[in-house]
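Asks: Letter by letter, the chains look like this.
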Amino acid sequence: KNEVEQSPQNLTAQEGEFITINCSYSVGISALHWLQQHPGGGIVSLFMLSSGKKKHGRLIATINIQEKHSSLHITASHPRDSAVYICALQGAQKLVFGQGTRLTINP
Amino acid sequence: DTEVTQTPKHLVMGMTNKKSLKCEQHMGHRAMYWYKQKAKKPPELMFVYSYEKLSINESVPSRFSPECPNSSLLNLHLHALQPEDSALYLCASSRWGAANTGELFFGEGSRLTVL
Numbered sequence: 001k002n003e004v005e006q007s008p009q010n011l012t013a014q015e016g017e018f019i020t021i022n023c024s025y026s027v028g029i030s031a032l033h034w035l036q037q038h039p040g041g042g043i044v045s046l047f048m049l050s051s052g053k054k055k056h057g058r059l060i061a062t063i064n065i066q067e068k069h070s071s072l073h074i075t076a077s078h079p080r081d082s083a084v085y086i087c088a089l090q091g092a093q094k095l096v097f098g099q100g101t102r103l104t105i106n107p
Numbered sequence: 001d002t003e004v005t006q007t008p009k010h011l012v013m014g015m016t017n018k019k020s021l022k023c024e025q026h027m028g029h030r031a032m033y034w035y036k037q038k039a040k041k042p043p044e045l046m047f048v049y050s051y052e053k054l055s056i057n058e059s060v061p062s063r064f065s066p067e068c069p070n071s072s073l074l075n076l077h078l079h080a081l082q083p084e085d086s087a088l089y090l091c092a093s094s095r096w097g098a099a100n101t102g103e104l105f106f107g108e109g110s111r112l113t114v115l
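Chains as they are written, first to last, in the numbering used here: chain W, 1 to 107; chain R, 1 to 115.
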């Protein structure tokens, strides 16, 4: 079993919909990262969480350490949000990456 | 300046060539990373430099040779690569040494094709 599992693997939605991407993990962590990667492009760090909730614009990330679960929410989704979203666990000196969720927002 | 700059953006090389990928950051970050990413897969860690010293080598073949000449610059020297080494190579940096990674800043990547 992988240390980190993301769901769904693929998600297609209409512009304006509320989006939720989930990340479950099985090991103790010091922090969890949410990353965004557009096709063919580099990776952008969206959030680094160790507890609670963070918000940046239309993006909200939450983490429940006891349940070993994190969610990334996008409100009022837009086609430019189409990307791969990756959950990554902070380990000793390196990140453990989830397989990513490919999000497509149709106009 | 919050950028990690990678050059070249694209590189095509033969199996007998020697080439280098370059990564630069001017944020004063003390840890720098090389990742390899194949299509539709998450990045795989290759090397970590912490305070300009190699702290992690994830059993990478010797045809990949990292170098950290100073705290702002990270190179990846390539020699005698195989077609299966074709991938996107991502550089990243973080403020503190790698034991306390913190937020990672990634470059746009260098897309390598080995013929």
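Fair warning: there could be bad hints in the mix.
As the list claims (entries may be wrong) - For lysine-lysine, the following DSS-like pairs were computed, each having C-alpha atoms within a straight-line distance of at most 30 angstroms:
| id | chain 1 | residue 1 | chain 2 | residue 2 |
| --- | --- | --- | --- | --- |
| 1 | R | K36 | R | K53 |
| 2 | W | K53 | W | K68 |
| 3 | R | K41 | W | K53 |
| 4 | W | K68 | W | K54 |
| 5 | R | K22 | R | K9 |
| 6 | W | K68 | R | K36 |
| 7 | W | K55 | R | K41 |
| 8 | R | K53 | W | K54 |
| 9 | W | K68 | R | K22 |
| 10 | W | K94 | R | K38 |
| 11 | R | K19 | W | K68 |
| 12 | R | K41 | W | K94 |
| 13 | R | K22 | W | K94 |
FYI, nobody ran anything at the bench for these hints, they're computed from the structure.
Asks: Do the alpha carbons of K55 of chain W and K41 of chain R lie within 30 angstroms of each other, as the hint requires?
Replies: Status holds; Cα separation ~27 angstroms.
Asks: When you check the alpha-carbon spacing of K36 of chain R and K53 of chain R, does it fall within 30 angstroms?
Replies: Cα-Cα ~20 angstroms, so holds.
Asks: Please verify whether K68 of chain W and K54 of chain W have alpha carbons no more than 30 angstroms apart.
Replies: Answer holds: K68 of chain W to K54 of chain W is near 17 angstroms, not above 30 angstroms.
Asks: Next pair to validate is K53 of chain R with K54 of chain W; report whether the Cα-Cα distance is within 30 angstroms.
Replies: violated, 34 angstroms
Asks: Given the proposed pairing of K41 of chain R with K94 of chain W, does the C-alpha separation stay at or below 30 angstroms?
Replies: holds, 17 angstroms
Asks: Just to be careful, I want the Cα atoms of K22 of chain R and K94 of chain W compared with a cutoff of 30 angstroms; is the pair within it?
Replies: holds, 21 angstroms
Asks: Could you grab the alpha-carbon distance between K68 of chain W and K22 of chain R and see if it respects the 30 angstroms cut-off?
Replies: violated, 37 angstroms
Asks: K68 of chain W and K36 of chain R were given as a pair; does the straight-line alpha-carbon distance stay at or below 30 angstroms?
Replies: It holds: about 27 angstroms lies between the C-alpha atoms, which stays within 30 angstroms.
Asks: Is K22 of chain R close enough to K9 of chain R, meaning Cα to Cα at most 30 angstroms?
Replies: OK: K22 of chain R and K9 of chain R at ~10 angstroms, within 30 angstroms.
Asks: Take a quick look at whether K41 of chain R and K53 of chain W sit within 30 angstroms of each other, Cα to Cα.
Replies: holds, 28 angstroms
Asks: When you check the alpha-carbon spacing of K19 of chain R and K68 of chain W, does it fall within 30 angstroms?
Replies: violated, 43 angstroms
Asks: Can the restraint linking K53 of chain W and K68 of chain W be considered satisfied, given a maximum Cα separation of 30 angstroms?
Replies: Holds, at about 14 angstroms.
Going through the hint list in order, the structure does not satisfy hints 8, 9, 11.
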